[in-house]
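Participant: The primary structure of each chain is shown beneath.
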Amino acid sequence: MSERSESRAGLLELDDLSVTYRIASGEVPAVRGVSLTLDSGAALGVAGESGSGKSTLAMALLRLLPRDARVGGRILLDGEDVLTMKWGRMRAVRWAEASIVFQGAQHGLNPVRKIGDQVAEPLLVHGQARPEAARKRVAELLDQVGLPTWRARSYPHELSGGQRQRVMIAMALACSPRLIIADEPTTALDVMVQAQVLTLIKDLVAENGISLIMISHDLSVLADVCDRLAVMYAGRIVEQGPSGEVFHDAKHPYSKALAAAFPTVGDPAARLAPKGLGGDPPDPMQLPTGCSFHPRCPVALDECATLDVELWPAGERRTAACVHVRAKEEAS
Amino acid sequence: MTETQATKEKVSTAGQNLLEARDLHVEFVARGRRARAVDGVNLSIGEGEIVALVGESGCGKTTLARTLLGLERPTSGEVRYGGTALDYGSKALKAYRRQVQLVLQDPTGSLNPRHTVYEAVAEGPRIHGLADEETAVATALSRAGLRPPERFFLRYPHELSGGQRQRVVIAGALALNPHVLVADEPVASLDASVRGEILALMLKLRADLGLSALVVTHDLGLAWNIADRVAVMYLGRIVESGPVEQVLTAPRHPYTQALMSVLPESPERVVLTGEPPDPTRIPGGCRFHARCQVLASGKAAEAGVDGKCRSEPLDVLPAVPGAQAACHYADVAG
Ligand SMILES: Nc1ncnc2c1ncn2[C@@H]1O[C@H](COP(=O)(O)OP(=O)(O)OP(=O)(O)O)[C@@H](O)[C@H]1O
Ligand SMILES: Nc1ncnc2c1ncn2[C@@H]1O[C@H](COP(=O)(O)OP(=O)(O)OP(=O)(O)O)[C@@H](O)[C@H]1O
Ligand code: SF4
Ligand code: SF4
Ligand SMILES: [Mg+2]
Ligand SMILES: [Mg+2]
Numbered sequence: 001m002s003e004r005s006e007s008r009a010g011l012l013e014l015d016d017l018s019v020t021y022r023i024a025s026g027e028v029p030a031v032r033g034v035s036l037t038l039d040s041g042a043a044l045g046v047a048g049e050s051g052s053g054k055s056t057l058a059m060a061l062l063r064l065l066p067r068d069a070r071v072g073g074r075i076l077l078d079g080e081d082v083l084t085m086k087w088g089r090m091r092a093v094r095w096a097e098a099s100i101v102f103q104g105a106q107h108g109l110n111p112v113r114k115i116g117d118q119v120a121e122p123l124l125v126h127g128q129a130r131p132e133a134a135r136k137r138v139a140e141l142l143d144q145v146g147l148p149t150w151r152a153r154s155y156p157h158e159l160s161g162g163q164r165q166r167v168m169i170a171m172a173l174a175c176s177p178r179l180i181i182a183d184e185p186t187t188a189l190d191v192m193v194q195a196q197v198l199t200l201i202k203d204l205v206a207e208n209g210i211s212l213i214m215i216s217h218d219l220s221v222l223a224d225v226c227d228r229l230a231v232m233y234a235g236r237i238v239e240q241g242p243s244g245e246v247f248h249d250a251k252h253p254y255s256k257a258l259a260a261a262f263p264t265v266g267d268p269a270a271r272l273a274p275k276g277l278g279g280d281p282p283d284p285m286q287l288p289t290g291c292s293f294h295p296r297c298p299v300a301l302d303e304c305a306t307l308d309v310e311l312w313p314a315g316e317r318r319t320a321a322c323v324h325v326r327a328k329e330e331a332s
Numbered sequence: 001m002t003e004t005q006a007t008k009e010k011v012s013t014a015g016q017n018l019l020e021a022r023d024l025h026v027e028f029v030a031r032g033r034r035a036r037a038v039d040g041v042n043l044s045i046g047e048g049e050i051v052a053l054v055g056e057s058g059c060g061k062t063t064l065a066r067t068l069l070g071l072e073r074p075t076s077g078e079v080r081y082g083g084t085a086l087d088y089g090s091k092a093l094k095a096y097r098r099q100v101q102l103v104l105q106d107p108t109g110s111l112n113p114r115h116t117v118y119e120a121v122a123e124g125p126r127i128h129g130l131a132d133e134e135t136a137v138a139t140a141l142s143r144a145g146l147r148p149p150e151r152f153f154l155r156y157p158h159e160l161s162g163g164q165r166q167r168v169v170i171a172g173a174l175a176l177n178p179h180v181l182v183a184d185e186p187v188a189s190l191d192a193s194v195r196g197e198i199l200a201l202m203l204k205l206r207a208d209l210g211l212s213a214l215v216v217t218h219d220l221g222l223a224w225n226i227a228d229r230v231a232v233m234y235l236g237r238i239v240e241s242g243p244v245e246q247v248l249t250a251p252r253h254p255y256t257q258a259l260m261s262v263l264p265e266s267p268e269r270v271v272l273t274g275e276p277p278d279p280t281r282i283p284g285g286c287r288f289h290a291r292c293q294v295l296a297s298g299k300a301a302e303a304g305v306d307g308k309c310r311s312e313p314l315d316v317l318p319a320v321p322g323a324q325a326a327c328h329y330a331d332v333a334g
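In order, the protein sequences belong to chains A and B. So that you can map any letter, position 143 of the first sequence is 143 in the UniProt record's numbering, and since no number is skipped, the others follow by simple counting. So that you can map any letter, position 40 of the second sequence is 40 in the UniProt record's numbering, and since no number is skipped, the others follow by simple counting.
So that you can see chain B by itself, here it is in the shape it has in the complex (with noise of 0.2 Å):
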């Protein structure tokens, strides 16, 4: 990758800082055992960006969005939001909601089973006091696909296939025409032809309204539709982050290339195996490397850096809007 296109990426793409992430720290204490579930994340969400955050199920992304959202408070770390660090306290909390809404990955959870598609909506502009309701309801619906938006008014969860409950979440989240939309998987379980529709939905809104978006998704071909910036998780911490066109076409940590690899269209696939990570035993050396493939294949000790990697942490990566890779054979090998 050029100096030159890497300069162009961020041009494009580095607006104000809206919404960070600075040293994060989450941990949760299960059965005696710590669970280190966001184990150091410096993230920066720009002005009017979409950011991708990938990785592994169990690698602490949705902790990280709940996090960001302030529905889940840090151990240690901080959530800045517009430069100014995130209040706890309740009504600050009410107003950063507004701002900063939440697309959840499980629709049938995040909707409550006795109440109709119009009240599900309608939950968000009723407890901010919005005006003319009805229609902010009306138009999240349409603008979430589902349409004639009047014809499900008066659905139940119970009786939408499951794609369209997920419509129904999404457009309870656009109610309130937030600023930065933090969605979970959010067209995970979208038909492809929908996923298409809303995809370009919140590359519409960034373009008319500025919406910054943290799209947690397992889908790499996501990311290459809509994102301007990827970051790859990995049990707790960002192991690679930059411009989409850069990580995913060359990328540079083992784990994004094992990622990489199997996709459909991939000649050589490497499905990782071994103990799946644990955030309550986390590795020391590069928290990656039990299951690396270039130090199991012999290249990391090729490269001299064989006994770094088993031994020698790797330092969390800033939130910088460049390419970087947190691992010891890229750091020699380029």
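So here's chain A without its partners, still in its complex pose (with noise of 0.2 Å):
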């Protein structure tokens, strides 16, 4: 996996993002100061616990989020500050240079509507094509994805959880996207076509350049595709890195437990037992203090119930928020 330079100009920067959603019962802080660049290009993926914030990063990119969540910090897209966009100017963004694969979305489909017409509606509201043309391009897309021309005609409950997924990132191609962020877009897909997805996807960024936000909770999986991965806990990234080192050699210890959770098929430890991370996922609502990973963490110090962390260099274009890093620095 090549990694890029890293002076070339990012085409997506955060800086100190935080997003708050504002519920009866008080505020929910699910984003809270993340920082980051991607390349032109590059491909970077997301991983995390459920409710670390994942989703809600990839939807305040592009301002999908709803009403009651308040963003602070700023978001470059190519220079431009998405935050304070012009509405119409953000709507021509979403689908011309940016769009998103939501999790779950293939349930969203319109189910009195035919698979082509849906599909084809980004491109005639865009005004990129005429029916004819839109009409070809959709059996273009189609085919991109792995699906029969003749399945234009199906309605969505005529399709698989699979198939309609597929749908989905057929609909985020249509309009040449410079990035597409897919969020879990193979999670609930069987093996052989998360492969044939994960492909598809490695292919179109290879080949036509799109830069790539994936969000999975599968580690193996981003590291299949991505240059770079953020690991992201109770709202923060708490590790960033090259894919590989990340994947095989986590600094920081819920990295590794992420990275030890997916079993080796044909491994006897892993028969029969199922590794998970003790402790419960921390609620928003009520942070443990100091480092939030302490309540869980196997190799948590007394400081770390008190300790501001924050990602501290771990190696080469390496960081991780944790204790035993910050020494290791200091001590080279």
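Rather than coming from a laboratory, the hints here were simulated on the basis of the structure. Possibly wrong hints are sitting among the right ones.
Claimed, not checked - Simulated DEER-style distance windows between Cβ atoms:
{"no.": "1", "chain 1": "B", "residue 1": "H128", "chain 2": "A", "residue 2": "E132", "range": "24 to 32 Å"}
{"no.": "2", "chain 1": "A", "residue 1": "A24", "chain 2": "B", "residue 2": "A296", "range": "55 to 63 Å"}
{"no.": "3", "chain 1": "B", "residue 1": "R33", "chain 2": "A", "residue 2": "A273", "range": "41 to 49 Å"}
{"no.": "4", "chain 1": "B", "residue 1": "P264", "chain 2": "A", "residue 2": "P66", "range": "34 to 42 Å"}
{"no.": "5", "chain 1": "A", "residue 1": "M85", "chain 2": "B", "residue 2": "A296", "range": "22 to 30 Å"}
{"no.": "6", "chain 1": "B", "residue 1": "V271", "chain 2": "A", "residue 2": "T306", "range": "49 to 57 Å"}
{"no.": "7", "chain 1": "B", "residue 1": "P148", "chain 2": "A", "residue 2": "K114", "range": "46 to 54 Å"}
Since we're looking at a predicted model, the values are computed, not measured. Cβ atoms here follow ideal geometry from the backbone N, Cα and C, with glycine treated the same way.
Starting from two chains that each stand alone, build the complex the way the hints lay out.
Facilitator: Have a look at this one:
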């Protein structure tokens, strides 16, 4: 997996991004100060526990959050400030420059409209094509995601879950965006379709120079597709670095647990012995003090309950928010 | 795989046949075309046994699962529970559903957005008139990893993450203390750490209460983690089945071999291409022949079975616990 040079201007830059939901019982700080850079043509994987804020982060990028969400910090897409963009410009950006494949969105397909019409819609709405050309493009797109052309005439309920997810990817590709944000694009797909979809996504990134942010809780899947990985816990990035290194040699105890959670088939140690991480997932409304991971951390020190952790350098182009990493850096 | 090992497996997994599919067929008619979504399946789940059903998207897993639950009527064949054929009368079905609970693939679609978590989980206990509803709900929620449960009682689905929603769905199924869980991709949307917890929970429920389960999954690692037996489905049929140790370490059907090859740690990938399988056009001969890598590479021809692959359909596999594969090549090559 090639590392792209740091000097290249970022296509997407997040600076101290935060998102807080307001609900009846109070405030939910779902994303708490995330900074990162995505180079043009690069692929970044975002991993993390359920509820860690991955989808919230993804939706914030295109301002798709509900009204009761408060967003702070800065998002620059190709130098343009997303948070202050006019609505008209925002809508254009959503199709032509960046599009998102939502988690579970295959269930949101309109049940009474044919697949082909739904895939064609962004093409027609955004004036990219006339009906005849749109029909051709739909056939191309369906082919690209491995669905036979006649499926254009099917209704969503006639497709299986996996087939519908491929329709969603076709829709995201329709206007040839520069950035695709894919939220759990292969979750709930069988291994073969997952392999097909991942190969498809990899090719799109490699051949068309499309940049990618892919969200998953499966580190092995992300490591397969992405150059870099960011691991989130309780609304913050706790580790970042080249994907192979983070997957095989994680520095943060949480990333380590995440990497270990998917068993190797044939490994006797994993047979009838699923491995999880003990303890409860954190409640964003009552986050632990100090390092948010400390109540579940197998290598926590006394100071972890009060320490202000930050992303410390953890090797070349790597950072991790753990006191053990800071200690090592200081020693060296 | 040695005979002794196979025998050992049989002993450890063969309880009473609790839930059974016998020569099950389920067809749909869509736009004038007949889709044979389940096209002849024999399957049995023993008392306290966990069976994983794996296979490609669209191969009929959900249809099979729904039919086992009595949510779909078979076109032919039958579903049997505790040795008797399923009674589709509404009262009998209601009693049946208390025993055999569904955990759905799609948490968003299966939760009513206007119901709180408490109401969602309490629905089963209410319908079945369970005493001490609140304890049942709280226990189910904490078993499903939503702890402390009271924190979630009054939340609405849109206030939860995708994974938290799935845990609510699982809690809903656990609330009635069923005998059999039919779980359709139960942990696919869960975080790795919680996934381990839920799978461990299913093993614990099996150990403590003798719970049986059919787990529909695309995740072979999950099958390795918790299942006693695995059945591999392709285009409406089970093409290979047997003890997990045997099938997942020495798969005999080329389709199972391909599935294994796309796991992250595998050296050589066989990514199947070609037309995705379509139950309205099931090919003649072996139903996998158009995509089979063993046939395409000439190995089937070397073994002299290529003609059979293209023209001779395979028998429907019986519901036996031992390892078996529906493949002409595997028959001669062992
Ligand atoms: N609309 C909302 N209102 C209030 N809270 C919300 C809302 N959406 C999400 N949350 C909360 O924000 C946190 C982050 O949720 P988010 O959906 O971003 O998590 P995620 O990392 O995508 O999880 P998953 O892997 O389960 O999809 C969670 O605690 C969730 O309960
Ligand atoms: N109500 C229906 N009408 C017509 N065809 C249907 C119907 N339900 C399912 N099918 C078809 O039957 C086949 C099996 O679908 P099913 O949902 O059982 O697959 P699956 O194995 O669960 O797939 P996935 O892994 O994607 O969930 C598919 O080809 C699907 O298109
Ligand atoms: S800072 Fe402490 S509690 Fe946090 S991950 Fe590191 S060792 Fe564990
Ligand atoms: S019967 Fe022939 S075509 Fe079918 S799986 Fe076996 S080798 Fe392949
Ligand atoms: Mg999410
Ligand atoms: Mg299904």
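Participant: Give a verdict on every hint.
Facilitator: Hints and how they fare:
no., hint, result
1, H128/B <-> E132/A: 24 to 32 Å, "violated (57 Å)"
2, A24/A <-> A296/B: 55 to 63 Å, "holds (60 Å)"
3, R33/B <-> A273/A: 41 to 49 Å, "holds (45 Å)"
4, P264/B <-> P66/A: 34 to 42 Å, "holds (36 Å)"
5, M85/A <-> A296/B: 22 to 30 Å, "violated (51 Å)"
6, V271/B <-> T306/A: 49 to 57 Å, "holds (50 Å)"
7, P148/B <-> K114/A: 46 to 54 Å, "holds (47 Å)"
When held up to the earlier numbered hints, the structure conflicts with 1 and 5 and fits the remainder.
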